[in-house]
Amino acid sequence: MVQLLVNALALGAAYALVALGFVLVLNAIGAVNFAHGELVMAGGLLAAIAAAAAPVPVPGVLLLPLVVAVMAVLGVAIGAIGYLPLRRRPPAAVFISTIAIGGMVQNTALLAAGPEPRTAPPLLPAAAVELGGMPVSVQSLAIIAVAALLIGGQYSLFHYTRLGRRLRAAAEDPDMARACGIPVTIMVLITFSAGAALAGAAGLLLANRFFVSPGDGAVYILKAYIAITLGGWGSIPGAVAGAFIIAGFETVVSLWISTPLALGLLYLAVLAILIVRPSGLFGEAAGRRL
Amino acid sequence: MTDFLRWLATGIRLPLLLGACALALWAAGAASPYQVRLLAVAGIHAIAVAGLQLVFGLAGALSLAQGTFFGVGAYAAGLLAVHAGWPVEATVPAAVLAPTLLALLVGGPVLRLESHYFSLATLGVGQVVLLAVILGQEVTGGANGLPGVRGLVLFGWNCGRGWPLVLVVWSAAATVMMGVALIARGRSGLALAQLRADPMMARCLGLDVGALRLSMLVASAACAGLAGGLAVHSLRVVSPETLEFPLMVGFLTMAMVGGRGRASGAAVGALLLIHLPEWLRGFERAYLVVYGAMLLVAIVVAPEGLIGLAEQIRRRWWPEPPVRLPVALAPGADAPLSWFRKREGSGESTPLAGAGGSPRAKRQDSRQGTLSPDTPYQRPAGLWKPINKEDLLVITKLRKQFGGVVAVDGVSFSVAAGEIVGVIGANGSGKTTLVNLISGVERPDRGSIRFAGREIAGAEPFRIARAGLTRSFQSGGLPDGLTALEAVAVARLAGHERNRRLAERRARWFLDRAAVPPDQIGRRCDILPPPVRRRVELARALARGGTLLLLDEPAAGLGVDDRQEVATVLRQAAADGLAILVIEHDLDFLAALADRILCFERGHLIFDGPPAGLKADAAVTAAYFGGPVT
Numbered sequence: 001m002v003q004l005l006v007n008a009l010a011l012g013a014a015y016a017l018v019a020l021g022f023v024l025v026l027n028a029i030g031a032v033n034f035a036h037g038e039l040v041m042a043g044g045l046l047a048a049i050a051a052a053a054a055p056v057p058v059p060g061v062l063l064l065p066l067v068v069a070v071m072a073v074l075g076v077a078i079g080a081i082g083y084l085p086l087r088r089r090p091p092a093a094v095f096i097s098t099i100a101i102g103g104m105v106q107n108t109a110l111l112a113a114g115p116e117p118r119t120a121p122p123l124l125p126a127a128a129v130e131l132g133g134m135p136v137s138v139q140s141l142a143i144i145a146v147a148a149l150l151i152g153g154q155y156s157l158f159h160y161t162r163l164g165r166r167l168r169a170a171a172e173d174p175d176m177a178r179a180c181g182i183p184v185t186i187m188v189l190i191t192f193s194a195g196a197a198l199a200g201a202a203g204l205l206l207a208n209r210f211f212v213s214p215g216d217g218a219v220y221i222l223k224a225y226i227a228i229t230l231g232g233w234g235s236i237p238g239a240v241a242g243a244f245i246i247a248g249f250e251t252v253v254s255l256w257i258s259t260p261l262a263l264g265l266l267y268l269a270v271l272a273i274l275i276v277r278p279s280g281l282f283g284e285a286a287g288r289r290l
Numbered sequence: 291m292t293d294f295l296r297w298l299a300t301g302i303r304l305p306l307l308l309g310a311c312a313l314a315l316w317a318a319g320a321a322s323p324y325q326v327r328l329l330a331v332a333g334i335h336a337i338a339v340a341g342l343q344l345v346f347g348l349a350g351a352l353s354l355a356q357g358t359f360f361g362v363g364a365y366a367a368g369l370l371a372v373h374a375g376w377p378v379e380a381t382v383p384a385a386v387l388a389p390t391l392l393a394l395l396v397g398g399p400v401l402r403l404e405s406h407y408f409s410l411a412t413l414g415v416g417q418v419v420l421l422a423v424i425l426g427q428e429v430t431g432g433a434n435g436l437p438g439v440r441g442l443v444l445f446g447w448n449c450g451r452g453w454p455l456v457l458v459v460w461s462a463a464a465t466v467m468m469g470v471a472l473i474a475r476g477r478s479g480l481a482l483a484q485l486r487a488d489p490m491m492a493r494c495l496g497l498d499v500g501a502l503r504l505s506m507l508v509a510s511a512a513c514a515g516l517a518g519g520l521a522v523h524s525l526r527v528v529s530p531e532t533l534e535f536p537l538m539v540g541f542l543t544m545a546m547v548g549g550r551g552r553a554s555g556a557a558v559g560a561l562l563l564i565h566l567p568e569w570l571r572g573f574e575r576a577y578l579v580v581y582g583a584m585l586l587v588a589i590v591v592a593p594e595g596l597i598g599l600a601e602q603i604r605r606r607w608w609p610e611p612p613v614r615l616p617v618a619l620a621p622g623a624d625a626p627l628s629w630f631r632k633r634e635g636s637g638e639s640t641p642l643a644g645a646g647g648s649p650r651a652k653r654q655d656s657r658q659g660t661l662s663p664d665t666p667y668q669r670p671a672g673l674w675k676p677i678n679k680e681d682l683l684v685i686t687k688l689r690k691q692f693g694g695v696v697a698v699d700g701v702s703f704s705v706a707a708g709e710i711v712g713v714i715g716a717n718g719s720g721k722t723t724l725v726n727l728i729s730g731v732e733r734p735d736r737g738s739i740r741f742a743g744r745e746i747a748g749a750e751p752f753r754i755a756r757a758g759l760t761r762s763f764q765s766g767g768l769p770d771g772l773t774a775l776e777a778v779a780v781a782r783l784a785g786h787e788r789n790r791r792l793a794e795r796r797a798r799w800f801l802d803r804a805a806v807p808p809d810q811i812g813r814r815c816d817i818l819p820p821p822v823r824r825r826v827e828l829a830r831a832l833a834r835g836g837t838l839l840l841l842d843e844p845a846a847g848l849g850v851d852d853r854q855e856v857a858t859v860l861r862q863a864a865a866d867g868l869a870i871l872v873i874e875h876d877l878d879f880l881a882a883l884a885d886r887i888l889c890f891e892r893g894h895l896i897f898d899g900p901p902a903g904l905k906a907d908a909a910v911t912a913a914y915f916g917g918p919v920t
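Line by line, the protein sequences are chains A and B. Note that the numbering used here has the first sequence beginning at 1, numbered continuously upward. Note that the numbering used here has the second sequence beginning at 291, numbered continuously upward.
Hints may contain errors.
Claimed, not checked - Listed next, with one range per pair, are the computed distances between beta-carbon atoms: (1) B:A846 <-> A:A145: 53 to 61 Å; (2) A:C180 <-> B:A846: 23 to 31 Å; (3) A:A272 <-> B:A846: 40 to 48 Å; (4) B:G398 <-> A:R178: 38 to 46 Å; (5) A:R89 <-> B:A317: 36 to 44 Å; (6) B:A380 <-> A:D173: 57 to 65 Å; (7) B:L395 <-> A:V138: 21 to 29 Å; (8) A:I49 <-> B:W297: 58 to 66 Å; (9) B:P454 <-> A:I257: 44 to 52 Å; (10) A:Y155 <-> B:D816: 51 to 59 Å; (11) A:I257 <-> B:A314: 49 to 57 Å.
Keep in mind the hints are simulated off the structure, nothing from the lab. Remember, it's a predicted structure, so these values are computed and weren't measured experimentally. The beta carbon of each residue, even a glycine, is placed where N, CA and C say it ideally should be.
Okay, chain A solo, but in the shape it has when bound (with noise of 0.2 Å):
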């Protein structure tokens, strides 16, 4: 029981970091990132390279600097090819801009790595350790560790610094904050590097329990696109709630059935709940405008 808590809080905290990346760029820009999956992918699929080339067996911290270094440079060029030129446009065109660079990245994956699932190591090589009489997986106490370190990073990156406060004034009124001098280009680059670096973490992070491939970018870009839409469009504390709660039904539903259908599942709980509140369950942080 405490296990399966435990490994419930792992997966929630891994998709919390998803849905954050997520939503940080979806407020920057005010539209949807959708190549984020395939960064998630990416991230996952860079630690398992990268620990297949190591001469020796290297733990999953030691590669998180380094997968966070290189999906924070892709954050960059992502933000700069796919949003940049259509920043004056609808937010549709970054939609589908951002397909086409989801498309290219996981193509791109797929050259490099073939089509064959890897995994990637645990964060630290224990296995498991002993917890009120029961045994606990290691690799999940510390997945919740890192996961709760950068949300908690991100947090205080954002509301307690000078950058933070910059960022989120970009994010919130592109105009004004532009008129008050703030380098919002710059402000939106550093969100989307940002947000890469979190779903390249998560990435990493998700990797060993699960096998990576090119393809799951989708399956990835749903769930963050669901949590959003479960903790109100728009709104951070949501996002890393609305991860926590398709966790909670995975792992909950995963042990009557079988893990497709638990997926099919979510889906149709997600179109009930977009059928009875067409402006998700606890309304949009981000008001319409007319």
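Since the structure of chain A is already known, use the hints to place chain B on it.
Same frame as chain A, now just chain B:
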């Protein structure tokens, strides 16, 4: 003959036609069997992409279910052919029907969603269908698919895999694309252009946005199903790949590269992207990366696609002759072309749900066409004659709260026919919220709004608009891509003209009435100078031909002379019986125009009386002038 030549010379029809002929000649003479097969595949994709042009290109809803609809069509045909042994003549209609029903089923609830949820929901539908197919292994063959579908045999004629197949597929594609082109150029195309630019504005012009979107989604599903049915019989196998996301990305890329919203764009995009892997043999498997890159380049560099680029080049190097403007036709006057008369139906009226009878329809029927189209400036009798003279609009104890702010609180007043009522108040005093509540854009928390004897509080904006209430928006709301003429013609679509050309002739009459210079009428709204824009907005509001007009700062940003002209136009309309509620900050403008002034402060109505009494009222002077006026 000259008509045909003129038709041929417009746009890029001639090069497109020549290109199609050249392609057909090459395929007939020099193409290998493999190349012929590719042509058939491209034709099948063109059908599905033409459907996507309807829902995404024209209705502006990014549906990610087009691939799913294609797959559902493919599975419907394939399963019926393999398990039930149905002939092709029955499986292909079934392939059209299955996704159409699915679209009808999910369309209603899904299309109410905001755009981002709409895309998610369509994606979710696709995932559910895909999982169902993979899990239903006994019937569908699961992840491996189902082989053994027979080839395309139509009424005893075996189309095989070569030329006959190409002919069948491309005839179907041509028919579908012709349908898309007709929709784009017709009445629905005009309504959809407005819907794309601003859905809320479209609603306030009386357009049933939900029905428009649903019809486009269903039509797109039917196209995708037809394509799926043809695909399954030409490939002779059903596979879950037809349901997967890469196919959807392919359709989207074809639509964007070819030209969004254009029928010919579907053919160009499909032909190009189906042949791309062949031309990119050197890249081997990397062609999928190139696919993504092409989509990216298309959206960034050529958002209108190849067809859009060609049209641009045509406009630059060989400008088309200026559009011939339609001759103005007064409302109520007969259309001069007899074959329009039956379809014109100027009396179509949609009463609010639950309202008994339709006095408006009767009134419109009694309005005989007495004006010749050549005398546009004569006022038609009874153009805006209301149902009963007093109390056209009666508002009682209206209240609306946003979070902790009470934007409108306990407001009661009434407006009579032919009356001009000015609304003043500081920013944030609730003026615009009031207009939003009356026009149905916002739902009141409490209170009643009776318009022409019916309760309209909380009704849908398009129903309120069709009942004869028209509003303008503070920030314009003219659709960028349309000409001034088309933008005004949109206002005639709901409840007036059934025919686009007729709607444009009526629009011309209203544009003339609002004193829009004729040389500006054929220009696109986004390049009109601001004073002209204001007049076009006014013309559009008048063109709705209702009984009450709500104007939100119609003269904002205009100079003194232009303001005078706006006032003159409004006075004329009021003299014809139209009631006007106008928000303005310029008191001098209002004092000269309005019969009555309403003054708002923090959601409360603090003054209701003639303009002359305004400066004497203590509450108004305190709130609005910041002290007694000396």
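We went through each hint and held it up to the structure:
Checked against the hint of 53 to 61 Å, the C-beta distance between B:A846 and A:A145 comes to roughly 57 Å, which is consistent with it. Distance hint for A:C180 and B:A846: a CB-CB separation of about 27 Å, consistent with the stated range 23 to 31 Å. For A:A272 and B:A846, the Cβ-Cβ distance of about 45 Å falls inside the hinted range of 40 to 48 Å, so the restraint holds. With their beta carbons about 42 Å apart, B:G398 and A:R178 fall inside the hinted range of 38 to 46 Å.
At about 37 Å, the beta-carbon gap between A:R89 and B:A317 stays in the expected band of 36 to 44 Å. Between B:A380 and A:D173 the Cβ separation comes to about 59 Å, which falls inside the hinted range of 57 to 65 Å. With their beta carbons about 48 Å apart, B:L395 and A:V138 fall outside the hinted range of 21 to 29 Å. A hinted range of 58 to 66 Å holds for the C-beta pair A:I49 and B:W297, which are about 59 Å apart.
Taking the beta carbon of each, B:P454 and A:I257 are about 48 Å apart, inside 44 to 52 Å as hinted. Checked against the hint of 51 to 59 Å, the pair A:Y155 and B:D816 fails, with Cβ atoms roughly 42 Å apart. Roughly 54 Å separates the CB atoms of A:I257 and B:A314, a value that falls within the hinted 49 to 57 Å.
Of the numbered hints given earlier, the model fails hints 7, 10; all others are met.
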